Every structure is written in C-alpha cells, then in structure tokens.
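**Q** As a plain string of letters, each chain reads:
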Amino acid sequence: MNKVTAITSILLAGILTNNMVLSKFLGICPFLGVSKKVKTALSMSIAVTLVMVIATAVTWPIDTYILKDNLNYLQTVVFILVIAAIVQLIEIVLKKYIPPIYKALGIYLPLITTNCAVLGITLLNVQNNLDFVSSLFNAFAAGTGFLLAMILFAGVRERLETADIPEFLKGLPITLIAAALVSLSFLGFAGIGG
Amino acid sequence: MDKIKELFAKNKEIIIPTFVMVCICIVVTLALSLTNSLTKEKIVEIEAKTQNDSMKEVLTADSYDKLSVTYENEKIEYYEAKKDGKTEGYIFVIAEKGYGGDVKVMCAVNTDNTVKSVKVLDATSETPGLGQNTANESFYSQYGGLKKGISVLKSGGSKDANTINAVTGATISSKAVTSAVNKSLDYCGAVIKASESEGK
Amino acid sequence: MGKNLKYFTNGILEENPTLRLVLGTCPTLAVTTAAKNGIGMGLAATAVLVCSNAAISLLRKVIPDKVRIPAFITIIAGFVSVVQMFVKAFAPSIDKSLGIFLPLIVVNCIILARAEMFASKNSVLPSVLDGLGMGIGFTCTLTLMGMIREFLGNGTVFGLTVTAGHITPMIIFLLPPGGFFVFGILVSLSNALAKKKGKKIVEHIGCENCPSRSFCEKANEGACEEKEAVVNE
Numbered sequence: 078m079n080k081v082t083a084i085t086s087i088l089l090a091g092i093l094t095n096n097m098v099l100s101k102f103l104g105i106c107p108f109l110g111v112s113k114k115v116k117t118a119l120s121m122s123i124a125v126t127l128v129m130v131i132a133t134a135v136t137w138p139i140d141t142y143i144l145k146d147n148l149n150y151l152q153t154v155v156f157i158l159v160i161a162a163i164v165q166l167i168e169i170v171l172k173k174y175i176p177p178i179y180k181a182l183g184i185y186l187p188l189i190t191t192n193c194a195v196l197g198i199t200l201l202n203v204q205n206n207l208d209f210v211s212s213l214f215n216a217f218a219a220g221t222g223f224l225l226a227m228i229l230f231a232g233v234r235e236r237l238e239t240a241d242i243p244e245f246l247k248g249l250p251i252t253l254i255a256a257a258l259v260s261l262s263f264l265g266f267a268g269i270g271g
Numbered sequence: 007m008d009k010i011k012e013l014f015a016k017n018k019e020i021i022i023p024t025f026v027m028v029c030i031c032i033v034v035t036l037a038l039s040l041t042n043s044l045t046k047e048k049i050v051e052i053e054a055k056t057q058n059d060s061m062k063e064v065l066t067a068d069s070y071d072k073l074s075v076t077y078e079n080e081k082i083e084y085y086e087a088k089k090d091g092k093t094e095g096y097i098f099v100i101a102e103k104g105y106g107g108d109v110k111v112m113c114a115v116n117t118d119n120t121v122k123s124v125k126v127l128d129a130t131s132e133t134p135g136l137g138q139n140t141a142n143e144s145f146y147s148q149y150g151g152l153k154k155g156i157s158v159l160k161s162g163g164s165k166d167a168n169t170i171n172a173v174t175g176a177t178i179s180s181k182a183v184t185s186a187v188n189k190s191l192d193y194c195g196a197v198i199k200a201s202e203s204e205g206k
Numbered sequence: 179m180g181k182n183l184k185y186f187t188n189g190i191l192e193e194n195p196t197l198r199l200v201l202g203t204c205p206t207l208a209v210t211t212a213a214k215n216g217i218g219m220g221l222a223a224t225a226v227l228v229c230s231n232a233a234i235s236l237l238r239k240v241i242p243d244k245v246r247i248p249a250f251i252t253i254i255a256g257f258v259s260v261v262q263m264f265v266k267a268f269a270p271s272i273d274k275s276l277g278i279f280l281p282l283i284v285v286n287c288i289i290l291a292r293a294e295m296f297a298s299k300n301s302v303l304p305s306v307l308d309g310l311g312m313g314i315g316f317t318c319t320l321t322l323m324g325m326i327r328e329f330l331g332n333g334t335v336f337g338l339t340v341t342a343g344h345i346t347p348m349i350i351f352l353l354p355p356g357g358f359f360v361f362g363i364l365v366s367l368s369n370a371l372a373k374k375k376g377k378k379i380v381e382h383i384g385c386e387n388c389p390s391r392s393f394c395e396k397a398n399e400g401a402c403e404e405k406e407a408v409v410n411e
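Residue numbers (the numbering used here), protein chains in the order written: chain A, 78 to 271; chain B, 7 to 206; chain C, 179 to 411.
Bound conformation, chain A alone:
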C-alpha cells in the first residue's frame, strides 16, 4: 500500500468508520455537554482538533525516543502533563498574539485538558505503532471526526428543543437516545460491525 492510500484510509477510518465519539466512546462529556448550539459545537471541536494534533506532535517523539524501552510505566503521567502544559501554552500564546481566536476558542481550552479524546488519541497512536506522519494524520482525522459528530448532534439537539418529548424522557435521557440514533447512522458506514 503506498503512502497516499494509507493516509486516505486513516482519514476515512478516523472520520467515519471508527469515529472517536460515536464508535470509540472517547470525548462523550463535551459531546453531551457542549453540543446545544451548532456554533459552540464548532468552536469546541476546532479547539480539540488543534490540541490533538499539537499534543500528538509532542508526545510521539517523547514516547519513541525517551520512554519506549525502559520508562514505559511513566507514559500515562508524562502524556497527561504534556497535554496540560500544551493547553496552557496555547492559551497564553493565543491570548497574547491572536486575540480574536482566543475570544472564540479560549473558553473551551480549560475543558480540553480533561477531555479523554485528547489523551486517548495520543495513547492510541503510540500503542498502534503508527509512524510520526500517520500519527499526525490520525490525530487530525480523529479531531475532524469529533467535529463532524458534534455538529451533526448539535443540529439534532436544536431540533429537539421544539419537539414534543414524552415527560419521562425530558432532559438528559432524550439527549442520550438521540445520540443512540446518530451513532446508529454512523454504524451504517461500516455495514454493520466488522
């Protein structure tokens, strides 16, 4: 398989068949919490994608050149600290140099440190032995998949607001059932299961 096909398949898998949120259950908290409006969902997912790609670019070399052989047991601690530091740095840099973007994305940044999709994707990249370029594309694909799922779901939720919902499903339950239906549609990309 040549490089282009390999990367295309990584992108397709990350966005559609192995969607971060809807089939791997990573990043459910923001998926349920910040998906009430399409616009908020969009900004949040862009911030997540940005952090995912940068975090992968930093953690992959650390894991490959420092931790791999003897210090594997420090992986979790090092990764989460690196992610926390990156999020802080991005916040500072954006605030100082690109204020309009900070205004749009800034409020989501503190939420991203504890977004399991970010730690999840960095761990998955090194566990699946992807090379550096594939890892970056994989992170990008996962972020885009997250974005797609968030926006689709935010659209569904905006419609839900005007819907006549049975009394016992009001609140979170109807959100979860709507999520079930959205993830059902994503299952179709694989032709049921594998």
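Hints are computed from structural coordinates only; laboratory data are not their basis. Remember, predicted model here, so these are calculated numbers, not experimental data. Among the hints, erroneous ones may be present.
Sample of chain C residues at the chain A side, in silico, Cβ under 10 angstroms [as the list claims (entries may be wrong)]: (1) ILE283; (2) VAL284; (3) ILE314; (4) CYS318.
Okay, the calculated beta carbon distance ranges per label pair [to be verified]: (5) A/LYS172 / B/LEU73: 51 to 61 angstroms; (6) B/THR174 / A/VAL233: 27 to 37 angstroms; (7) B/LYS81 / A/ILE228: 40 to 50 angstroms; (8) A/GLY265 / B/LYS81: 34 to 44 angstroms.
For each residue, glycine too, the CB sits at the ideal point set by N, CA and C.
Fit chains B and C to the supplied structure of chain A, relying on the hints for placement.
**A** Then chains B and C, alone, in the frame of chain A:
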C-alpha cells in the same frame, strides 16, 4: 544573602508552586518506578506463561525454540516445536489489522506446510458480539488441515475445500485472521525451504 | 458517625456519579459490553478514587492554589499507573478487555471532580469515605449496565448462559447505539425515582451540569452556553 532573601520574597508566587510541583513529580516518579520493579517480573512471567500455554494448546511438544527466518527481506520470528528431538512443526504469532485494531493470531503449521491448528490470542479491539467472536474455538477450529491460499466465505456460502466460514456480520475480522494464517503458511514455506537446503 | 455514614452513602444513591452527576460517561458507555468489564472498570476507578482523595486531602494545605489542577492530575495519574501495573500483573484478562480505558481513568471526570469539590476541602476520613461511596456507586451502575447489555446483546450474564441458544441475541445492544440507549433509559428511570422523592431531575444543560465545572475557572461566568444565549438575544 539579603539580596537572595529579597529575590525570594519577590518571586514567592513563582518559586513555591514550582517547588511543590517538582516535589510531587519526583515522589510520583519514585513511587512508579518502585511499583514497576515490583510488578515487572510478574508481568513478564504471566506473558511468557500465557504464550507457552497457548503454544502447548496449538501444538503439543517438549520444547519450543525461538528462531527467525528471512522472508522477502523481512526478519520473521517463529518457534520450532520439537518432540523427542524430532521437529513436530512451526508456530507463528502474527498481528493483523482487523476492524478496530490488531488481531493477534497464533498459528501452528505442520512440517508439510498445512495448518495444524490456529488460536486467536487477542481480538479485544474488535466489535463485541461480532468480531470478538473470532476468538471462539468454533471459529478458529475451522482452519485445521487447510493449506496455502485459504479464502473466506461469507456466512451462508457452501463450504468448499480450503475455505472457512466468516463469523456472521464480521467479515473484516474473519479476513484478518485468515490473512494471518495465510501469512504463516507463506513464512513456513520459507522456513521449510531453508531447513531443506541446510539438510543437503 | 452518622455524618460519616452520610458521606459514604451519598455517592451510592443521592449523588450517584453516573446517573445523578453525569460524570465519567466515556467508560460507562465503552466498557459495559459485559458485566465482568463493568466490575473491573468500577473497582479500578474506586481504587484510584480512594487513594487520590486520601492523598489530595492530606496535601490540601501544601498545594498552592495556582498549580492545584496540574498537581491533582499528576497525583491521579500516578495512582492510575500503579493500578494499571497491578491489573497487568494480577488480572491480565481484565487489562486486555479494558484496553485504553484503563489509563484513561486519569481523565475520568469523577476523580478530578471529587478531588476538587470534596477532597481539597475536607479532612482525610470523610474524603476516603466519599471516594469509597462514589466508587461503589460508579461500580454498581457500570455492573448493572453491563448486565443489561450483556443479557440483551449476548444472552449471557457474567458469562453464564441465560437465553443464548434459545433466543437470538440483539447484537445492537453491544454496539455503540445500544450503549447510548441503555444509558438513556437508566437515567430516565433514575429521574423518575428522583421526581417521586421530590428531587431535581437531571437536565444536563449549561455549566451547572458540565462535567468540568469544578475546575473550569470560567464556570461561574457562564462560560460556554451563557455567552451563546446572550448573543442570541
């Protein structure tokens, strides 16, 4: 001295948090390396034991020697199973890309390059209820006795020679296992060839 | 003593982390394809929760406010790695089936939320009891969900055959949509129960129910949702 004190007082806001963070990191790292040294041997031992048990299951023998062979410029590791000094067969452990991640397959091959038996070691990255069912014996026992170029029939197809039935709804995972078995047979061909030329 | 008991039972029913506080949804949905996995995940998280609550409560006066969150995360990550190594050494099959969700306990919102909301403000004993109660509440919900999904999707409970072989299992319950669906129904049942007792139902709207509210510095300013609302007006 006073200058240092003054500097400290000025930057207290920075120095104390940094110091506390560094201390916490050091303590955590020490605790982890301690736990690692306690559990490391046990983990290696368990891995070796599971591997050994699985090898005994697919091919009974007295000893398993870890060897390697070159196949199309790639170094392939395998185990040679010996019983009473005679080679019984070869065992390959291959990870093949399935639906959600790698599927780990152990394949024992007879000296005439036919499948002795197969065991799916790890299919936990596959879909539960579908792809994970490839780790059931009813699926992988189908491979026994087959030879090179095994193909997968979708469920419901009639069973020809040298084919296996896919797990219902899990064609991709079934194909991954089959591809691992076919690879083992290819590698084994190289092993047998090498041992024959050595014999001459 | 009665007060201490309250800390313990709080997490099991009234403030059940999954059904009432809606924390830790990722592992709740991901690992509950079998009852056994639910228990494994629950116990691992409980161990981390109790240890981290105890450690953070002990250190609560030492850790400066500025580096609170990173310090908490480091301590939690340390305990998670320890648990991870022990699980690998003594229960390798659990390690395999939990996969990536074992290290991901680090970012399980329950643990950081309890550290921030409870352990950093209370002494050691209440913190440990709170962690234990929350952990047991989490374990019970996960096991229950695992049982339901395993029963409907595979016809077994804890690996024991119940209807398998007689009735074709509905595999959809093991797949992601089934996870969302079962969780939705469980929350609606717990809501109905809460309503009967005159408690608030879980709406999950705005900062009030955001899993990260406890450490989001902007939570009180209304952060994500409020701003939108203002714009729309």
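**Q** Take the hints in turn and mark each one as holding or not.
**A** We went through each hint and held it up to the structure:
Given the 10 angstroms rule on beta carbons, the hint for C/ILE283 holds: about 9 angstroms separates it from the nearest Cβ of chain A. Annotation: interface hint on C/VAL284 holds; nearest CB of chain A at approximately 5 angstroms, less than 10 angstroms. Restraint check, C/ILE314 versus chain A: the minimum CB separation of about 22 angstroms is more than 10 angstroms; hint violated. Residue-level restraint check for C/CYS318 is violated (minimum Cβ-Cβ distance to chain A is 19 angstroms; threshold 10 angstroms).
The given range of 51 to 61 angstroms is respected by A/LYS172 and B/LEU73, whose C-beta atoms sit roughly 59 angstroms from each other. Between B/THR174 and A/VAL233, the C-beta spacing of about 31 angstroms keeps the proposed range 27 to 37 angstroms intact. The beta-carbon spacing between B/LYS81 and A/ILE228, approximately 47 angstroms, falls within the hinted interval of 40 to 50 angstroms. Under the hint 34 to 44 angstroms, the C-beta atoms of A/GLY265 and B/LYS81, about 42 angstroms apart, fit the expected range.
When each numbered hint is compared with the structure, violations occur for hints 3, 4.
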